[in-house]
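Student: Each chain, written out:
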Amino acid sequence: MLSKRRLLSFAAGVALVAGASFGAAPASAQQTLRWAFQGNLNTLDPYGINETTTLGLQGNVYEGLTKRGKDLKIIPGLAERWEVLDNGLRWRFYLRKGVKFHNGNDFNADDVVFSAQRVVANNSQLTSRLSGGPEFVKVDDFTVDVKLKSPNPILHYAWDTWYIMDKEWTEANNAQIPPAPQATTPGFATINANGTGPFRITEHQLGVRTVFEKNANWWGKPEHNLDRVIFTPITSAPTRVAALLSGEVDVIDPVPLQDVPRINASANARVLEGPEVRTIYLSFDQMRPELTASSVKGKNPFKDVRVRKAFYQAVDIEAIRRQVMRGAAVPAASLISPLFFPQIEQIKRHPFDLAAANKLMDEAGYPRTGADNIRFEVDLDCPNDRYVNDGPICQAVTAMLARIGVKINLQAVPRAAFFAKINSPIYNTPFYLLGWTPGTGDAHNVLIDLMHTRTADGSGGRGQFNNGGYSNARVDALTSQVLVEIDTAKRDAMILEAFTILHNEVGYIPLHQQALAWGVAKSVELTQRADNQPLFYWVQKK
Amino acid sequence: MLAYILRSLTQATLVMLAVAFIAFSMFRYVGDPVASIVGQDATLKDRQELTESLGLNDPFPLQFVRFLGNALQGDFGISYRQGRPVAELLIERLPATIELAVISAAVALGLGLILGIYAALNRRGVIANIVMSLSLIGVSLPTFLIGIGLIFLFSVYLRWLPSFGRGEVVAFGWWTTGLLTDSGRKSLIMPVITLGFFQLTLIMRLVRAEMLEVMRTEYIKFARARGLSDGSVHFRHALRNAMVPVITITGLQLGSIIAFAIVTETVFNWPGLGALFVRSVEVVDIPVMAAYLMFVGLVFVVVNLIVDVLYFLVDPRLRGGITVPSR
Chain A
1 MLSKRRLLSF AAGVALVAGA SFGAAPASAQ QTLRWAFQGN LNTLDPYGIN ETTTLGLQGN
61 VYEGLTKRGK DLKIIPGLAE RWEVLDNGLR WRFYLRKGVK FHNGNDFNAD DVVFSAQRVV
121 ANNSQLTSRL SGGPEFVKVD DFTVDVKLKS PNPILHYAWD TWYIMDKEWT EANNAQIPPA
181 PQATTPGFAT INANGTGPFR ITEHQLGVRT VFEKNANWWG KPEHNLDRVI FTPITSAPTR
241 VAALLSGEVD VIDPVPLQDV PRINASANAR VLEGPEVRTI YLSFDQMRPE LTASSVKGKN
301 PFKDVRVRKA FYQAVDIEAI RRQVMRGAAV PAASLISPLF FPQIEQIKRH PFDLAAANKL
361 MDEAGYPRTG ADNIRFEVDL DCPNDRYVND GPICQAVTAM LARIGVKINL QAVPRAAFFA
421 KINSPIYNTP FYLLGWTPGT GDAHNVLIDL MHTRTADGSG GRGQFNNGGY SNARVDALTS
481 QVLVEIDTAK RDAMILEAFT ILHNEVGYIP LHQQALAWGV AKSVELTQRA DNQPLFYWVQ
541 KK
Chain B
1 MLAYILRSLT QATLVMLAVA FIAFSMFRYV GDPVASIVGQ DATLKDRQEL TESLGLNDPF
61 PLQFVRFLGN ALQGDFGISY RQGRPVAELL IERLPATIEL AVISAAVALG LGLILGIYAA
121 LNRRGVIANI VMSLSLIGVS LPTFLIGIGL IFLFSVYLRW LPSFGRGEVV AFGWWTTGLL
181 TDSGRKSLIM PVITLGFFQL TLIMRLVRAE MLEVMRTEYI KFARARGLSD GSVHFRHALR
241 NAMVPVITIT GLQLGSIIAF AIVTETVFNW PGLGALFVRS VEVVDIPVMA AYLMFVGLVF
301 VVVNLIVDVL YFLVDPRLRG GITVPSR
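So the protein sequences, as listed, match chains A and B. Under this note's numbering, the first residue of the first sequence carries the number 1, and numbering increases by one thereafter. Under this note's numbering, the first residue of the second sequence carries the number 1, and numbering increases by one thereafter.
For reference, chain A alone in the conformation it holds in the complex (with noise of 0.2 angstroms):
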């Protein structure tokens, strides 16, 4: 019986490697790439997960009705186009016609709707993509309504990532919603995939390689030449450098930036440098009337905008830049970046001045003493494995704040405990390092989630992210009024009101955004997006 089963096992094996050596054979007349990125894709669930490079990495095989092009512009995607009515409460989607999911069902209003229900539904990780609770109304087949409470300019800037599922297919395997994280059953949908895209999952070993093939009958004209997409975790980054120099792969994301000369110092590879949208940034507590972790007693130093502006004032951006980032990193003024909202050009950063820094910091009331001869000490928290070089950006800052007679206490930690002792609700820190991304590309999300007023422990869906807790009323109000706001630039004015106003208050000290670093095989030309997104359909490969 046992022998039996073995040798049934055995045939499947075999029949393994025969496909597999099969599907290698006519390798030379097809186009295959090989991707290698330094994290896995954990789940292949469009709502499982709120991470750029996994909806990135699914954006390849599922769309949204809206898509983005090479520069983030929305473009459509399943939605023809579309329209806005009654004043801003109702918009009508006109859907593509004769689309189909990879398994041959139609793609409709129906999936729509559906999709609409499931990316709120519990354990949806993607709730945000239809905040304010829009409802979804089928007018036919292929128009959809959908009815809002309020006005909301930036309904759909984010839909981009928000993927439509087959309804039929998801009702047949039971994955109506996805799956708790506590669910003792995989859901069907985290390890299958079902989209419309020009890609289609046929293999997918979780921390192993994922394998994507051309969909042949995908609606759109391919922009790429590619058959295949093999996708490779690798996390140790001199394996994943050799592996690209090596020619065992075609892209891997990220280099790390010592080897980045190396790599172009090479026959068969290059790196493609961009700028990415997130900022890095510091901020203070502003809102404890004592500081957690600082000599100060009695008074939180930060309340006072001399003492913030000298802290600006004295990290050297420029040395960051050149020494920590090694040229890979653009200095910002504000906390969204220029690709996203343009105007913010107009501000400019305070200039690097060690003098003016010493002497706010004098006039603020806090002169050196002791036979240190600092001011204060107090802590910095500091992630050290979640952005390109954060660990070495806190040193540098340390060494830059002692020129102004402040002690720095750096507390450099892994992320997971990072973010524990950072984040809502206890906000544990009197000085720290971040970086944010708008997730729907807009102003509002950086107005909304940085800046508004918070409370305490960051309830109330408000400033939930300003872990510094900086307030202003004017900026509160601009947030809401930007909301609703359907007048382009009346809104951008407000904008830009609001981060002139941060700005002069000093309530964050912007550093840069840091640049993506690729390594590509010089057989291949690709779009590398701001937005640090893995799309692999404008990939051309010699």
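You can trust all of the hints, since none of them are fake.
One-sided excerpt, in silico: chain A residues whose CB lies under 10 angstroms from chain B: (1) Gly48; (2) Asn123; (3) Ala180; (4) Thr190; (5) Gly207; (6) Ile234; (7) Ser236; (8) Pro238; (9) Arg240; (10) Ser246; (11) Asp385; (12) Val413; (13) Lys421; (14) Asn423; (15) Gly460.
Negatives, chain B to chain A, calculated, CB over 12 angstroms: (16) Pro59; (17) Pro61; (18) Gly69; (19) Ile117; (20) Asn122; (21) Val131; (22) Ile137; (23) Leu212; (24) Ser229; (25) His237; (26) Met294; (27) Phe312.
No lab work stands behind these hints, which were simulated from the structure alone. Glycine is no exception: its CB is placed at the ideal position from the N, C-alpha and C atoms.
On the provided structure of chain A, position chain B as indicated by the hints.
Tutor: Then chain B, alone, in the frame of chain A:
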């Protein structure tokens, strides 16, 4: 013999409990699993609900007892990050690690014995001295450095061997092996060397030292005086007596080969248990971490048990020692 084994088993159980307790209490300091499950911009309410439903708000003793109770039934829970049963994940990764560890151990033991004996018998030979000098590298260089060095020589520069992964594997039911395909065998070479090199040099130096020690004893002289052949003196008398410490060390090293596979697996992107563990630490996947540490603990305990039993077979003196334990 039975009493001896029973006593070892009791000790093993205590060790496992201690491992479980230490592992479990450490997890409170690795960070917040919820933050890594839900992503950065989840609302506070979502996170609090999730913390509650995962039972992370319960008091520590309750969480520990619940974990132990489930673990005894072979249920290690569900991976926070992957949403699949932990036992299933471990079993899926087990073949890769076992294959790598067993081959490394076999190579280390086989080559270590041969080279050690050779170096002991030809103490002043040129080759023996070269081997001894080279073995210093194995003892002193850290694993990841050897691995990266090999990758750059054989993958990047010479392009003979693949730098990462297992190549094509063949499946027999739940077991997978790379030994039956060309790319699978090629993929094994560098990880096996990296993982086994330290053990190889250690075993070799140990065998040599023990052999030299034994060769100086009276009964070897006596054996020679009896006119026994070189082969008989070297292998029946000297080697057998030199083996007791070698078995101890080799046994312990087999445990550490599986445990230290973490580094080798990370460097070579080997899809085994160690790589799974490293990933789990990054995202605070507590169920996977706990199960893995329990597994490593179990490997050490079982290997020690086997080593204890092997003593009996190799060293007759121990058999007399049971009735009057010296401890």
